[in-house]
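Undergrad: The listed protein sequences derive, respectively, from chains A and B.
Per UniProt numbering, the very first residue in the first sequence carries number 1; after that it's consecutive.
Per UniProt numbering, the very first residue in the second sequence carries number 1; after that it's consecutive.
There's no promise every hint is true.
What the hints assert, rightly or not - Below, computed lysine-lysine pairings styled on DSS-like, alpha-carbon distance capped at 27 Å:
#1 A:206 x B:321
#2 A:226 x B:226
#3 B:164 x A:164
#4 A:326 x B:386
#5 A:326 x B:206
#6 A:321 x B:206
#7 B:326 x A:386
#8 A:321 x B:386
#9 A:226 x B:386
#10 A:386 x B:321
#11 B:326 x A:206
#12 A:321 x A:342
As the list claims (entries may be wrong) - With the C-beta cut set under 8 Å, the calculated list includes, among others, these residues of chain B facing chain A:
#13 202
#14 218
#15 228
#16 232
#17 233
#18 238
#19 260
#20 285
#21 288
#22 292
Claimed, not checked - For each label pair, taking beta carbons as the anchor points, the in silico distance ranges come out as:
#23 A:45 x B:170: 36 to 42 Å
#24 B:280 x A:314: 43 to 49 Å
#25 A:240 x B:281: 34 to 40 Å
Think of the hints as simulated: they come from the structure by calculation, not from any bench.
Ideal placement from N, C-alpha and C gives every residue a C-beta, glycine not left out.
Protein chains: 2
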Amino acid sequence: MTKQLFADLKVNSTRVNATIHESCEWGCTPDGGMNRLTANDDDKKVRDWFIAKTKEYGCSHKIDAMGNIFAVRPGQNNSLPPIAIGSHLDTQPTGGRYDGILGVVSGIEVLRVVHENNITTYAPLAVINWTNEEGARFPPCMLGSGVWAGHFTTEYGHARVDGKGIKLGDELERIGYVGTEESSFETNPILAHFEVHIEQGPILDKAQLPAALVKGVQSMRWYSLKITGREAHTGSTPMDRRSDALLGAALMIVEANRIATTGELAARGARATIAVINSGPQSINTIAGEVQINLDLRSPFDEDVVEIERLCREGFEAISKLHGLKLEFENIWTSSAVNFDKTMQQCVRESGLELGCTMELTSGAGHDAVYTSKRVPTAMIFVRSKDGVSHNPAEYSRPEDCAAGAQMLLGAYLRYDDHIRQQNPASVTNTADVVKEPVSTSYTELQASEVSE
Amino acid sequence: MTKQLFADLKVNSTRVNATIHESCEWGCTPDGGMNRLTANDDDKKVRDWFIAKTKEYGCSHKIDAMGNIFAVRPGQNNSLPPIAIGSHLDTQPTGGRYDGILGVVSGIEVLRVVHENNITTYAPLAVINWTNEEGARFPPCMLGSGVWAGHFTTEYGHARVDGKGIKLGDELERIGYVGTEESSFETNPILAHFEVHIEQGPILDKAQLPAALVKGVQSMRWYSLKITGREAHTGSTPMDRRSDALLGAALMIVEANRIATTGELAARGARATIAVINSGPQSINTIAGEVQINLDLRSPFDEDVVEIERLCREGFEAISKLHGLKLEFENIWTSSAVNFDKTMQQCVRESGLELGCTMELTSGAGHDAVYTSKRVPTAMIFVRSKDGVSHNPAEYSRPEDCAAGAQMLLGAYLRYDDHIRQQNPASVTNTADVVKEPVSTSYTELQASEVSE
Numbered sequence: 001m002t003k004q005l006f007a008d009l010k011v012n013s014t015r016v017n018a019t020i021h022e023s024c025e026w027g028c029t030p031d032g033g034m035n036r037l038t039a040n041d042d043d044k045k046v047r048d049w050f051i052a053k054t055k056e057y058g059c060s061h062k063i064d065a066m067g068n069i070f071a072v073r074p075g076q077n078n079s080l081p082p083i084a085i086g087s088h089l090d091t092q093p094t095g096g097r098y099d100g101i102l103g104v105v106s107g108i109e110v111l112r113v114v115h116e117n118n119i120t121t122y123a124p125l126a127v128i129n130w131t132n133e134e135g136a137r138f139p140p141c142m143l144g145s146g147v148w149a150g151h152f153t154t155e156y157g158h159a160r161v162d163g164k165g166i167k168l169g170d171e172l173e174r175i176g177y178v179g180t181e182e183s184s185f186e187t188n189p190i191l192a193h194f195e196v197h198i199e200q201g202p203i204l205d206k207a208q209l210p211a212a213l214v215k216g217v218q219s220m221r222w223y224s225l226k227i228t229g230r231e232a233h234t235g236s237t238p239m240d241r242r243s244d245a246l247l248g249a250a251l252m253i254v255e256a257n258r259i260a261t262t263g264e265l266a267a268r269g270a271r272a273t274i275a276v277i278n279s280g281p282q283s284i285n286t287i288a289g290e291v292q293i294n295l296d297l298r299s300p301f302d303e304d305v306v307e308i309e310r311l312c313r314e315g316f317e318a319i320s321k322l323h324g325l326k327l328e329f330e331n332i333w334t335s336s337a338v339n340f341d342k343t344m345q346q347c348v349r350e351s352g353l354e355l356g357c358t359m360e361l362t363s364g365a366g367h368d369a370v371y372t373s374k375r376v377p378t379a380m381i382f383v384r385s386k387d388g389v390s391h392n393p394a395e396y397s398r399p400e401d402c403a404a405g406a407q408m409l410l411g412a413y414l415r416y417d418d419h420i421r422q423q424n425p426a427s428v429t430n431t432a433d434v435v436k437e438p439v440s441t442s443y444t445e446l447q448a449s450e451v452s453e
Numbered sequence: 001m002t003k004q005l006f007a008d009l010k011v012n013s014t015r016v017n018a019t020i021h022e023s024c025e026w027g028c029t030p031d032g033g034m035n036r037l038t039a040n041d042d043d044k045k046v047r048d049w050f051i052a053k054t055k056e057y058g059c060s061h062k063i064d065a066m067g068n069i070f071a072v073r074p075g076q077n078n079s080l081p082p083i084a085i086g087s088h089l090d091t092q093p094t095g096g097r098y099d100g101i102l103g104v105v106s107g108i109e110v111l112r113v114v115h116e117n118n119i120t121t122y123a124p125l126a127v128i129n130w131t132n133e134e135g136a137r138f139p140p141c142m143l144g145s146g147v148w149a150g151h152f153t154t155e156y157g158h159a160r161v162d163g164k165g166i167k168l169g170d171e172l173e174r175i176g177y178v179g180t181e182e183s184s185f186e187t188n189p190i191l192a193h194f195e196v197h198i199e200q201g202p203i204l205d206k207a208q209l210p211a212a213l214v215k216g217v218q219s220m221r222w223y224s225l226k227i228t229g230r231e232a233h234t235g236s237t238p239m240d241r242r243s244d245a246l247l248g249a250a251l252m253i254v255e256a257n258r259i260a261t262t263g264e265l266a267a268r269g270a271r272a273t274i275a276v277i278n279s280g281p282q283s284i285n286t287i288a289g290e291v292q293i294n295l296d297l298r299s300p301f302d303e304d305v306v307e308i309e310r311l312c313r314e315g316f317e318a319i320s321k322l323h324g325l326k327l328e329f330e331n332i333w334t335s336s337a338v339n340f341d342k343t344m345q346q347c348v349r350e351s352g353l354e355l356g357c358t359m360e361l362t363s364g365a366g367h368d369a370v371y372t373s374k375r376v377p378t379a380m381i382f383v384r385s386k387d388g389v390s391h392n393p394a395e396y397s398r399p400e401d402c403a404a405g406a407q408m409l410l411g412a413y414l415r416y417d418d419h420i421r422q423q424n425p426a427s428v429t430n431t432a433d434v435v436k437e438p439v440s441t442s443y444t445e446l447q448a449s450e451v452s453e
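Using the sequences and the hints given, assemble the complete structure.
TA: And the structure:
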């Protein structure tokens, strides 16, 4: 297949967007958002729908012990594992219609375009619905892909409990989605993994671009801090004789912000956030004696996160000393920076170029692609989020942007399949695919065709 | 009675301290603290004890509709209302053995000294146990004295509910303490009100003084603030595109502290505290979209509190503007500065001088004396709190300090009774009281006699 042919194949924007909303029949909320928690009845229904839908386009299905569903369409060389396109159909309890869903629907659309055009890809093609990416009902997040990648065991995954003490394993069993396949990259391998996802941030919206290549995922570290001062009466305790734990916490919040917004670290994309705070005893006239905060540090570079941590520890210690506070500062989670596969990135880059989507981003959030990247070549595409809003019923990506993401994925996928073909010349039997009715397209055309939606 | 005789009368330090702990039999906790919430079974038992105890020293009792108990010992001129000494026997749920209790016990000790020495005071003497000063179970605080002073109605008082929806009126009824007396300064008057209380702050401990005159009570204002930003993903939202409500709140906490610790306002005793904070959605990777804080402002001067409020509003608005936040800033409670009665202060001053207690403070906390001061001459004495700790099982006042406070009260009370006698020369029948076995004493002696306790 030539590069011209890659560009000539087009996704159907109307269909992409209709499929998003079709999949939202189960778990939609009156405010236009979604509440489809892992392994509930709505999750069962959308899984059944996913299987039926992908069956229409020539797929057979593998379901693993974690309920991850692999819809596989054969290629020319079926001795190879499939090239996969995956994301998740579970949502936050007050989530939107695009987070995860867009990625699965983009995979379905690529499958449909390939199928309708009677293309026999070189490697098999898989579309994956990963279980419990959100972790909203069964923490932690990215659990299905994490078990598959060997980061967690299946036993661990099954033993996760929701707020009512119900186990994920039991719920998957109840809805009929504990598959016979082992959840493992070794016994159920894929050749590579593409993921389309909404950006969940404001950069593309600000840049007025529909989609972008994601070069990798930020380095992230989470910390739990406890600041202990001395409870005392707000009225009878002079300002200079206090050990005010909440004042200390406030100074730390301001200091973390200062560190992440200053100098080279800031220029290189540092982020420091405190979003969780619990103060005791929460009495208006008793100075806070104990405050717990969580610190979230990020950067595209592992060494920068290490440096932000060092500066925070130094600054926070100084604040504690000055205000007579005791500080406990514990690292509770670390995720190293991920750099996606160079070849797959190049496929995405070339495909994006055809749509004018030349921006390259680093993902600030974790995705199933983080775990798959530990085991197989992986790449991601981000689609613009209106106002950067996500995990919210107001989450929105325009129809033309959803189509652009799917189109960028299609071009990248076809290029990568071709790359695999080139890598395996001996096993190639046909040098060209059958492509029916190639139609010229561009992002501008897609936009124009979708303004009525 | 001459001034020499005032000084010759002495409280019994061992008895003062034994009585404190005797009264703590009901509601004491294993950690040495107290948990005696208003109108519970322990509160009933300590009320019964208070009545039995004061009956031994010649008192009859009036119980009003709010359960306030007035133990009255007749004087020479029983056409006058009694000079009262009052405080409260209810405690915080994790309170100590001195807050309130010391004040009531000091009153009992004065009563005992007067009684044992066969003194017939000029005006009747009353010891009062005010209901629900803490407001811990039935907010608001200082409720019994507040109803008596006409700040609240009895209906309002009875209708207060605890966390289980139980009404104070019903609970008082259950323990047999809805009295027949109207709760009113008009129908059940007192002539004046003395209150001994622990300082609940570190000033006396720092100054190494056992007790002090309280000149008045600070001006206080409470505010509820809501800061609204925009929830967004901590990883995918650049630092310069955030409206972080918790960062805004942190900057406000720091700014309020700066205002109260700077320049003239600080020199004149300003205090600004934020001790209550609630942030949403409390997810480690979602920037806080809404934060609620309570602000507590104080100063000995009403005009300074007004100025601190102005500066806070100005500073907080600037922070909100800079960070794209919406600010709601509402005053929820105001208590004007109280200046205690000059004559009563002079009585306390002279009594303190005999013990070397010459410090004069402004109370940072509210007490029953705040409400009584609205209706009758009122004065207070503070007793040293070890490390300034209060509302905590670790709350502690040394035996010799408790005795010093009671001694200072005794001298002040006798002086004021004498002042009333001078004011009413026509009705005086005897010009001297019978004083049995006057014994010289001083604070140093009290200290020496108590070091074994």
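Undergrad: Each of the hints needs a verdict: does it hold here or not?
TA: The hints, checked one at a time:
1. Taking the CA atoms of residue 206 of chain A and residue 321 of chain B, the gap is about 21 Å. The hint holds against a cut of 27 Å.
2. Between residue 226 of chain A and residue 226 of chain B the CA atoms are separated by roughly 25 Å; this keeps the pair inside 27 Å, and the hint holds.
3. For the proposed pair residue 164 of chain B and residue 164 of chain A, the alpha carbon gap of about 25 Å is at most 27 Å, so the pair holds.
4. In summary, the hint linking residue 326 of chain A to residue 386 of chain B is supported, as the alpha carbons are separated by about 21 Å, within the 27 Å threshold.
5. For the hint linking residue 326 of chain A to residue 206 of chain B, the alpha-carbon distance of about 22 Å falls within 27 Å, and the restraint holds.
6. Our distance criterion of 27 Å between C-alpha atoms is met by residue 321 of chain A and residue 206 of chain B, whose separation comes to about 21 Å.
7. Simply put, residue 326 of chain B and residue 386 of chain A have alpha-carbon atoms about 21 Å apart, close enough for the 27 Å limit, and the pair holds.
8. Among the hinted pairs, residue 321 of chain A with residue 386 of chain B is consistent with the structure: their alpha-carbon atoms are about 23 Å apart, no more than 27 Å.
9. A threshold of 27 Å between alpha carbons decides the hint, and for residue 226 of chain A with residue 386 of chain B the separation of about 26 Å falls inside it, so the pair holds.
10. For the hint linking residue 386 of chain A to residue 321 of chain B, the alpha-carbon distance of about 23 Å falls within 27 Å, and the restraint holds.
11. Taken as a hint, the residue 326 of chain B and residue 206 of chain A pair is honoured in the structure, with Cα atoms around 22 Å apart against an allowance of 27 Å.
12. This hinted pair does not check out: residue 321 of chain A and residue 342 of chain A have alpha carbons roughly 47 Å apart, beyond 27 Å.
13. With a least beta-carbon distance of about 5 Å to chain A, the hint placing residue 202 of chain B at the interface is held under the 8 Å criterion.
14. For residue 218 of chain B, the shortest C-beta to C-beta distance to chain A is roughly 6 Å, which falls under 8 Å, so the interface hint holds.
15. With a cut of 8 Å, the hint placing residue 228 of chain B at the interface with chain A is violated, because the nearest CB-to-CB distance is about 14 Å.
16. Because the closest C-beta pair between residue 232 of chain B and chain A is about 6 Å apart, less than 8 Å, the hint holds.
17. Restraint check, residue 233 of chain B versus chain A: the minimum CB separation of about 5 Å is within 8 Å; hint holds.
18. Residue-level restraint check for residue 238 of chain B holds (minimum Cβ-Cβ distance to chain A is 7 Å; threshold 8 Å).
19. Because the closest C-beta pair between residue 260 of chain B and chain A is about 6 Å apart, less than 8 Å, the hint holds.
20. Interface restraint check for residue 285 of chain B: the shortest CB-CB distance to chain A comes to about 6 Å, inside 8 Å, so the restraint holds.
21. This hint holds: residue 288 of chain B has a C-beta 5 Å from the nearest C-beta of chain A, less than the 8 Å allowed.
22. Taken as an interface hint, residue 292 of chain B does not check out: its beta carbon lies about 11 Å from the nearest beta carbon of chain A, beyond 8 Å.
23. At about 52 Å, the CB distance of residue 45 of chain A to residue 170 of chain B disagrees with the hint of 36 to 42 Å.
24. One distance hint, 43 to 49 Å for the beta-carbon pair residue 280 of chain B and residue 314 of chain A, is violated here, with the actual separation near 30 Å.
25. Checked against the hint of 34 to 40 Å, the pair residue 240 of chain A and residue 281 of chain B passes, with Cβ atoms roughly 36 Å apart.
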